[in-house]
Amino acid sequence: MHIVVCIKQVPDSAQIRVHPVTNTIMRQGVPTIINPYDLFALEEALRLRDTFGGEVTVLTMGPPMAEESLRKALGIGADRAVLLTDRFFAGSDTLATSFALAQAVRKIGETWGEPKLVFTGKQTIDGDTAQVGPGIARRLGLQQFTYVAGIQDVNEAAGTITVLRRAEGGVQELSTQLPALITMLEGTNEIRRGSIADVLRGARAELVTWNAQAAGIADVTSCGLRGSPTVVKRVFAPKTRAAKATQVEVKDRTPETIAEDLIDQIYARQPGLEDDLMRMAAGY
Amino acid sequence: MGTIEERFDAIVVGAGPSGNAAAYTMAKNGLKVLQIERGEYPGSKNVQGAILYADALERIIPDFREDAPLERHVVEQRIWMMDDTSHTGMHYRSDDFNEEKPNRYTIIRAQFDRWFSSKVREAGAIVLCETTVTELLKDRNGKVIGVLTDRHGGPVLADVVVLAEGVNGLIGQRAGLREELHPRTVALAVKEMHFLPQEVIEQRFNISGDSGVVIEAMGTITKGMTGTGFLYTNRESISIGIGCVIEDFTRTGQTPYGLLDKFKSHPSVAPLIAGAEVKEYAAHLIPEGGYKAMPSIYGNGWVVTGDAAHLVNAVHREGSNLAMTSGRIAGETITYLKRRREPCDFDHLGEYRKRLEESFVLKDMRKYQKIPDFLHGQRHFLDLYPRLISKAAQTWLRVDGKAKREKEGEIMKTLRKQRGLAGLVADGVRFARAWR
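So the protein sequences, as listed, match chains A and B.
The numbers in the first sequence follow my numbering, run straight up by one, and end at 284.
The numbers in the second sequence follow my numbering, run straight up by one, and end at 720.
Hint data in this document are derived by calculation from the structure and do not stem from the laboratory.
Among the hints, erroneous ones may be present.
Footprint (simulated), chain A over chain B, 3 or more residues, beta carbon under 8 Å [unchecked claim]: (1) 322-334; (2) 437-444.
Capping the alpha-carbon separation at 27 Å, the derived lysine-lysine pairs in DSS-like fashion look like this [claimed, not checked]: (3) A:Lys251 - B:Lys507; (4) B:Lys546 - A:Lys251; (5) B:Lys316 - B:Lys638; (6) A:Lys251 - B:Lys563; (7) B:Lys638 - B:Lys622; (8) B:Lys507 - B:Lys675; (9) B:Lys427 - B:Lys312; (10) B:Lys701 - B:Lys686.
Values in this document were obtained by computation on a predicted structure and should not be read as measured data.
Built from N, CA and C at the ideal position, the CB exists for glycine as well.
Pulled out of the complex, with its shape left as it was, chain A reads as follows (with noise of 0.2 Å):
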């Protein structure tokens, strides 16, 4: 069974900065890193594989330095890895992403054999639209599986595929026909550890390098930004917003002096309630 996983390399969310001054996200110096979620699409095709056997293949599309997110694919345990990158491609909306990463996934077949699986995360943690994946699916004809949690079986032989799906109110079982794109959710299962001869292989691998043309996108208009209608008006930091939040000056001395600050601003804004917690603390 040949199955391809699409990834995303995205800066690590848990090390962006935003720039105390301008208020704009400081990307320099930002480790890249696998969007998380690809991570259970990518065990989870491995486990397939493992079980049925065939290859998986990874798939992203990026700049050239997107290839370390394959590298690290490759030495979790993958078989392959398709970079797709062109300038053709910079600027891309959902629209254009889902449209190129189609005609790679084309191409793909064409060249090691038909998926019967894609995969992908069920987002990415820096575009958040949950988009992509369904897009490819729609511009393939696959069946498609959103937050999938987990999968239940597959039968080769009669081509079919169930899942657990998570939705509103409680977990869908479903069946369909292969080919099928699945979105997985998080936490379904482990990621595994390559060995070290995966990780020797996945350091040395070549890549597949494709740009528009070798992965047969004739049609450069519908990629990148002039194949993206999304226009990006304003970025900005949100405001504080719960109503009974106030933000308080307090004088940068120690953290003793500061959380001392605190706890008397917070008295002088509620009268009785020092009482109150003396109170409690006497026990009565």
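Starting from the structure of chain A, add chain B where the hints point.
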């Protein structure tokens, strides 16, 4: 558990400055090099002030300035003797430091180390991250022939292992190549990154463009413990930190972050970082025991570089340059042995030690070998003297209707009273001896 079939010329453990220097040097010379780093990416576990000394890197990557992530080149050095309310400073600033190839830079290690690692990979080494070397593999004769890792798939073999594993030296310890660290020979330093707009930093420190300022501080800020504080200007942030010998922390019950808070709120320091946003907090051990605390740095199939070899010149606040130089020399030695088809055994790796002795690295380490013991025994150098100097400066500068001769007399009287004439002379002699 099978062995990986292939054999590397060298395995480098660790992707800090010394490991990168060693791996780069060997890979550039055509050796088959595997570098193993436990962190998520090279630099993720590394902490430093941080100052980059250009010369050491230039000897490895001559054109590093073209693409290395550098913050500011240092044009001004301030050395402060501090008491609780004052500092007495020596500042050296020179336009000569605004040269085409500046001598010292402030850097942010997480960024710099990743750049350095990319160069190692370009040179042809294989770099594996998120992989921890757990043990050295030895043959029947006790020669190190490879490493075991925390990944499946058995040991990886190599002709020589470069232990660039950093200050803790756990692998070396486990293999019985070195002793555990002693609390007296290791300092614990903490630092914070304070973010401020570029213009604000430039105004506060009277700098412009890429130039920067470095402050090294000592005195009562360390509460009588052996240690120093520092403040470095980056492009849009200020690195501020303080460190003391571990044994002193245990003795005094002081906490590192307590010291840092005090240092930050000192009237000479607070205005420099006022209004900044703290974004990062880090702590790190620094091997400061000097020459006498060095472990064996080579053996049968292994060499040790950088912090793991205890190569830090605490007096001059130099470490990363000694690390890079030792890594480069280890790499050159191994390349030399490989080319001559000599084995990397105990006898032949002695060449590494020999070359290190001939370089500034061990010459400087030898020069200051008495300083750690000296400071340990003479705590008043970091407490009493800064107070006295501060008091003297204030007496001298305050205009209060007293005759100048009277003031001078007062200063001398204080000195004699606090330390005694004999004490003063003895301190001078002791210091000169240790320094020499």
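Enumerated hints in conflict with the structure, sorted upward
none
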